[in-house]
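K.L.:
Protein chains in written order, with UniProt numbering: chain A, 1 to 461; chain B, 1 to 461.
Mixed in with the good hints there might be a few duds.
Put simply, identical chains are the same to the list, so a pair is met inside one copy or across any two.
Straight-line distance between alpha carbons at most 27 Å, and here's what the computed BS3-like set of lysine-lysine pairs gives [unchecked claim]: (1) K65 <-> K321; (2) K211 <-> K344; (3) K292 <-> K211; (4) K213 <-> K321; (5) K168 <-> K321.
Read the hints as simulated data drawn from the structure, not as lab findings.
Protein chains: 2
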Amino acid sequence: MPALASVLSRIDTDLDASLERLFALLRIPSISTDPAYRKNCREAAEWLVKDLESMGFSASVRDTKGHPMVVAHHDGATPDAPHVLFYGHYDVQPVDPLDLWQDDPFAPAVKNGAGRKIITGRGAADDKGQLMTFVEACRAWKAETGSLPVKVTILFEGEEESGSPSLKPFLEANADELKADFAMVCDTGMWDAETPAISTALRGLVGDEIKVKAANRDLHSGLYGGAAANPIHILARVLADIHDETGRVTIPGFYDGVEETPADVLATWEKLGRGADTFLSDIGLSIPAGEKGRSVLELTWARPTAEVNGISGGYEGEGFKTVIASEASAKVSFRLVHRQDPVKIRAAFREFVKARIPADCSVSFTEHGSSPAIHLPFDSPLLQKAKAALSDEWPNEAVMIAMGGSIPIVGDFQKMLGMDSLLVGFGLPDDRVHSPNEKYEMSSFHGGQRSWARILDAIAR
Amino acid sequence: MPALASVLSRIDTDLDASLERLFALLRIPSISTDPAYRKNCREAAEWLVKDLESMGFSASVRDTKGHPMVVAHHDGATPDAPHVLFYGHYDVQPVDPLDLWQDDPFAPAVKNGAGRKIITGRGAADDKGQLMTFVEACRAWKAETGSLPVKVTILFEGEEESGSPSLKPFLEANADELKADFAMVCDTGMWDAETPAISTALRGLVGDEIKVKAANRDLHSGLYGGAAANPIHILARVLADIHDETGRVTIPGFYDGVEETPADVLATWEKLGRGADTFLSDIGLSIPAGEKGRSVLELTWARPTAEVNGISGGYEGEGFKTVIASEASAKVSFRLVHRQDPVKIRAAFREFVKARIPADCSVSFTEHGSSPAIHLPFDSPLLQKAKAALSDEWPNEAVMIAMGGSIPIVGDFQKMLGMDSLLVGFGLPDDRVHSPNEKYEMSSFHGGQRSWARILDAIAR
Chain A
1 MPALASVLSR
11 IDTDLDASLE
21 RLFALLRIPS
31 ISTDPAYRKN
41 CREAAEWLVK
51 DLESMGFSAS
61 VRDTKGHPMV
71 VAHHDGATPD
81 APHVLFYGHY
91 DVQPVDPLDL
101 WQDDPFAPAV
111 KNGAGRKIIT
121 GRGAADDKGQ
131 LMTFVEACRA
141 WKAETGSLPV
151 KVTILFEGEE
161 ESGSPSLKPF
171 LEANADELKA
181 DFAMVCDTGM
191 WDAETPAIST
201 ALRGLVGDEI
211 KVKAANRDLH
221 SGLYGGAAAN
231 PIHILARVLA
241 DIHDETGRVT
251 IPGFYDGVEE
261 TPADVLATWE
271 KLGRGADTFL
281 SDIGLSIPAG
291 EKGRSVLELT
301 WARPTAEVNG
311 ISGGYEGEGF
321 KTVIASEASA
331 KVSFRLVHRQ
341 DPVKIRAAFR
351 EFVKARIPAD
361 CSVSFTEHGS
371 SPAIHLPFDS
381 PLLQKAKAAL
391 SDEWPNEAVM
401 IAMGGSIPIV
411 GDFQKMLGMD
421 SLLVGFGLPD
431 DRVHSPNEKY
441 EMSSFHGGQR
451 SWARILDAIA
461 R
Chain B
1 MPALASVLSR
11 IDTDLDASLE
21 RLFALLRIPS
31 ISTDPAYRKN
41 CREAAEWLVK
51 DLESMGFSAS
61 VRDTKGHPMV
71 VAHHDGATPD
81 APHVLFYGHY
91 DVQPVDPLDL
101 WQDDPFAPAV
111 KNGAGRKIIT
121 GRGAADDKGQ
131 LMTFVEACRA
141 WKAETGSLPV
151 KVTILFEGEE
161 ESGSPSLKPF
171 LEANADELKA
181 DFAMVCDTGM
191 WDAETPAIST
201 ALRGLVGDEI
211 KVKAANRDLH
221 SGLYGGAAAN
231 PIHILARVLA
241 DIHDETGRVT
251 IPGFYDGVEE
261 TPADVLATWE
271 KLGRGADTFL
281 SDIGLSIPAG
291 EKGRSVLELT
301 WARPTAEVNG
311 ISGGYEGEGF
321 KTVIASEASA
331 KVSFRLVHRQ
341 DPVKIRAAFR
351 EFVKARIPAD
361 CSVSFTEHGS
371 SPAIHLPFDS
381 PLLQKAKAAL
391 SDEWPNEAVM
401 IAMGGSIPIV
411 GDFQKMLGMD
421 SLLVGFGLPD
431 DRVHSPNEKY
441 EMSSFHGGQR
451 SWARILDAIA
461 R
């Protein structure tokens with residue numbers, strides 16, 4: 001019997017015991033954002049250290065200014081085995097409003113859902129259930145083969161739900177210890193209950209705020225209207241000019257570094273069946289905005305955007321005031337893909353705006369964050385191995401998807417430790433993460449363990 | 001000695017006594033907006049009734065739901081003399097911040113300004129000093145000739161500084177009593193201390209609020225950006241489209257009913273020396289906005305405008321939020337001239353907006369007031385007589401100016417009583433009305449009395 005087969009078999013027979021371990025972790029109310037649960041956060045970290053040590057990891061609770069990190073190391077079966085850093089977080093979201101929960105959020109249980117079993121409780125999906133899929137896969141490997149197919153470093157954070165204030169300093173201070181060949185992050189979802197997914201791209205972000213100033217004070221629109229510059233008009237013109245009639249962004253150089261998505265990837269996305277109808281009807285819309293002739297998945301996963309996130313100027317209260325404002329402002333963000341350069345995008349945008357400001361008016365800018373896109377090349381061996389492993393486990397072939405938003409840790413691993421991240425997770429869209437009655441499918445927990453067992457096997461080859 | 005000459009002479013010799021009367025009225029703190037001064041408002045009304053009765057007017061205090069009106073009547077010298085309605089207001093603005101006043105605002109005094117005498121105190125210019133110029137002119141006519149050259153009805157209001165809530169109901173209930181051949185309103189200013197002015201036009205106003213709705217909730221711009229409609233983009237496009245590159249309003253039919261200002265009037269305005277430099281430098285600007293190739297005075301006095309008075313949407317607080325708002329709104333107003341029809345303008349604007357809303361989004365509108373422009377024909381005999389009378393009195397010839405804003409009473413007289421209004425006043429731009437240290441020039445008070453004496457004479461002919 002090949003090693004993998006016995007490992008998978010061990011996972012199956014050990015499922016009830018693995019569930020008991022997850023329950024023990026879920027019972028600890030490690031709410032990171034509420035100081036009242038500070039001790040519980042440490043308790044969760046200590047529980048994890050103890051569990052990892054029981055499997056032969058050298059593990060420790062590492063203090064930070066906030067909640068502690070858990071760091072653990074285990075050698076691979078051979079000295080030249082790949083080295084992976086696995087990331088998860090043991091902290092959970094607050095549980096209010098408590099009266100909307102059907103059960104105590106910290107008394108986990110297995111219940112029968114619509115023809116399937118679910119694990120209920122705060123953190124079941126986000127992220128305790130997910131991180132334990134990896135831990136249990138390691139346990140099974142260790143139990144069956146006495147070792148792990150790859151060298152594993154584990155990093156569990158306790159502040160993911162409260163903005164990760166300690167993460168960057170910790171990565172910086174411990175870069176040598178944490179640096180691996182690549183990272184594996186288990187905090188995302190499947191496409192559906194039968195289709196595993198790998199998130200291969202995260203869009204980057206540039207945020208900027210414009211303030212247009214015209215007259216030195218608010219003016220009476222009767223006395224000055226028609227002769228004095230109106231900053232809202234100027235701002236509206238700037239914002240309207242950002243997109244052309246086909247929905248393309250008109251800022252010079254904006255598309256530099258943007259690649260066309262390969263036809264086979266587009267075809268895969270097409271097959272996912274999440275077209276404009278499904279995507280938009282949920283939010284009360286029916287016509288894709290943005291660049292014409294592209295699917296909604298391509299638009300949100302693989303195309304850059306410019307969005308005005310807020311606008312303000314003049315009289316905004318009840319009723320009416322015939323005022324010409326002295327200034328007006330807008331918050332604008334750009335989602336970036338591929339190799340678009342945040343620094344160049346910001347500079348080009350600001351030039352674009354300045355060119356539209358009359359000579360007697362002025363504009364000022366405030367920077368609001370900047371991060372490049374994260375993009376795992378579709379032909380990367382890591383990706384192909386993980387895809388094959390996942391496809392072996394689940395009814396449907398694994399799909400490579402993207403995320404319109406960002407997961408900061410992935411950018412930090414890239415920037416601070418020079419590592420790509422493999423984003424694999426087993427959550428489902430209806431897991432109610434951050435909401436009352438959070439759950440995790442038993443099939444996610446079980447299949448997740450088996451999936452990681454397969455992935456560890458695949459990447460060791 | 002012709003009647004007018006002796007009347008003017010009487011005004012000169014009676015100046016000190018007229019000043020005492022004005023002081024008596026200025027001492028009454030008739031602040032209409034503050035309930036604490038309710039009795040003082042009535043006191044001012046009663047003082048005026050008594051003064052008018054002393055000159056032979058049949059005068060009375062007329063109760064309203066708010067502060068009382070003063071209505072007074074006096075026959076003309078002949079039964080076929082014209083009948084004029086004179087309007088002024090006896091209420092004044094609040095005086096805070098009191099510590100910025102050099103003197104007690106209700107202890108009027110004559111002081112020496114820069115080589116000239118000024119009358120200080122709240123209401124000196126707005127409007128007690130101005131309304132008394134007319135009363136004193138009548139007194140002099142009565143004293144010298146035993147009668148008045150025209151039939152005079154006087155209407156003094158006590159709520160002008162607090163929105164005139166009782167005015168329309170009062171005009172409606174007393175239309176027969178108040179209707180005259182035309183109205184004379186003394187609440188405006190001179191062009192400068194040597195140049196009297198008649199305001200011949202007031203722009204009308206249409207106010208409208210647009211609310212664009214897109215998705216059924218606020219969206220995460222990472223997850224939906226690029227595929228979901230952004231109402232701020234739609235609104236910016238609508239607002240940017242309102243003006244073309246030459247500053248003209250592009251709404252179909254917008255310029256229907258707009259007349260070109262006669263060349264000789266434009267030439268007069270040109271001579272006033274208030275070009276773009278002077279007009280704009282005060283407010284920190286230098287380039288006229290709006291329609292190209294027109295002077296700032298023409299732009300603000302004789303051209304219609306579209307102005308966005310307020311805009312709001314998405315995240316407007318500190319920092320940044322990557323949200324796509326579900327709705328965005330703007331307040332837009334149009335200043336109207338000549339025969340532009342407010343009803344048609346509003347309808348055309350709404351069609352213009354609707355044509356720019358994507359089929360899966362919606363727009364709603366809220367009406368915020370509507371009034372047509374007021375326009376006294378340049379060749380009206382009333383205007384020509386008043387202009388000649390004013391030109392006889394002052395060093396410079398009277399100029400016909402316009403006002404970019406509106407004076408509601410003029411529209412009410414037009415609409416409810418079918419009367420044109422002659423707008424003549426003697427305030428100066430530096431009178432600090434509504435501010436601490438309000439003043440009225442002694443030359444305004446004296447020359448104003450003489451001016452009305454001349455105008456009454458002129459229009460009786």
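K.L.:
For each hint given before, does the structure comply? Return the numbers of the non-compliant ones in rising order.
P.N.:
The structure breaks none of the hints.
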